[in-house]
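**Q** Now for the letters of each chain:
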Amino acid sequence: MNGAPAGVIQGGWEYVVAAYVASAVILLGYAFSVFWRYRRARSRRDTAL
Amino acid sequence: MGKGVWPFVMAGLGLALLAWGSTWGLAFAPRETYMGEVQRIMYVHVPTAWNAMLVLTFAFACALVSLLRGGWTWDARLEAAIEAGVVLSGLVCIQGSIWARPTWGVWWDWDPRLTTTAVLLFAFGGILALRQFVEDPVKRAVWSAVAVVIAYVDVPLVYFSVRWWNSLHQLQSTPETVSRAFHWPLRINAFGVLFLLIGLVELRARLAFLRREAESAPPPPGRMAEALGGVR
Chain A
15 MNGAPAGVIQ GGWEYVVAAY VASAVILLGY AFSVFWRYRR ARSRRDTAL
Chain B
875 MGKGVWPFVM AGLGLALLAW GSTWGLAFAP RETYMGEVQR IMYVHVPTAW NAMLVLTFAF
935 ACALVSLLRG GWTWDARLEA AIEAGVVLSG LVCIQGSIWA RPTWGVWWDW DPRLTTTAVL
995 LFAFGGILAL RQFVEDPVKR AVWSAVAVVI AYVDVPLVYF SVRWWNSLHQ LQSTPETVSR
1055 AFHWPLRINA FGVLFLLIGL VELRARLAFL RREAESAPPP PGRMAEALGG VR
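First to last, the protein sequences are chains A and B.
In this text, residue positions in the first sequence follow my numbering: the first is 15, and each later residue adds one.
In this text, residue positions in the second sequence follow my numbering: the first is 875, and each later residue adds one.
Keep in mind the hints are simulated off the structure, nothing from the lab.
Nothing here was measured: the structure is a model prediction, and the numbers come from that model.
C-beta: ideal position from N, C-alpha, C; glycine also.
Incorrect hints may appear among the rest.
To be verified - Heads up, incomplete: computed chain B residues facing chain A, CB under 7 Å, no partners named:
| id | residue |
| --- | --- |
| 1 | Met909 |
| 2 | Gly910 |
| 3 | Glu911 |
| 4 | Arg914 |
| 5 | Ile915 |
| 6 | Val918 |
| 7 | Met927 |
| 8 | Leu928 |
| 9 | Val961 |
| 10 | Leu965 |
| 11 | Gln969 |
| 12 | Ile972 |
| 13 | Ala974 |
| 14 | Val980 |
| 15 | Leu1077 |
| 16 | Leu1081 |
What the hints assert, rightly or not - Label pairs and their computed distance ranges (CB to CB):
| id | chain 1 | residue 1 | chain 2 | residue 2 | range |
| --- | --- | --- | --- | --- | --- |
| 17 | B | Glu1089 | A | Val22 | 31 to 37 Å |
| 18 | A | Val22 | B | Asp1010 | 23 to 29 Å |
| 19 | A | Gln24 | B | Gly945 | 53 to 59 Å |
Produce the complete structure using the sequences and hints provided.
**A** Written out as structure tokens, the structure is:
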């Protein structure tokens, strides 16, 4: 027993950090992927013209 | 400011809002009484879930317009919305698993909300794969639009699953079910994901349109000479 009331979650910051890091990696990674593919497609079109 | 710049501005604004809302949620919002610090996952999980359903609703609208009116612009928007919806649905599952472990004691449970969300991810992921395999652009546009209309049936099931069935998942997060102290970081992050999404969907649609143009364009002169050489 750690003196905490029953049904109350203690700590858990590691889960919070994991969720925010996963969100940042996936959202920024996807954003970067879209920017990069778009730039590549535009430069291909420009060289084809 | 050029017309082509606005998606970059929207995406940048979205990222700035996400940074602001997340800082508020992590550092300044109060602890929740029962879930403690773990509840802070809500500030990224709920906005991601809302926007996943929103962008898949946009995909449904694009599919209908594409089927009824045709036009490559709507097909390009459809492809962009499906891809963004798959990314957000996958992220929702990951965030939800991380939140489930300390609160439910398991990483995953086949309860109605989680199962319908997993179905959503695999259904729209499958449609994205279908688009990669079909070479004929007309068949690709029609088949994927029909598939989106069918797969969209799962979106209201995801939303109402916590009311219709006995679910381990809590009820939908709305202003009525969330304490006022938690509203602002939740709203800021919701708009952050929304603005980021608008910017990315527009850019991804332009990318799909450029690829479609490249499919129908004649090969560049160098390639033409290569091809002719190959024939000889």
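**Q** Which of the numbered hints are not met once you compare them with the structure shown?
**A** Hints 7, 8, 13, 14, 17, 18 not satisfied by this model.
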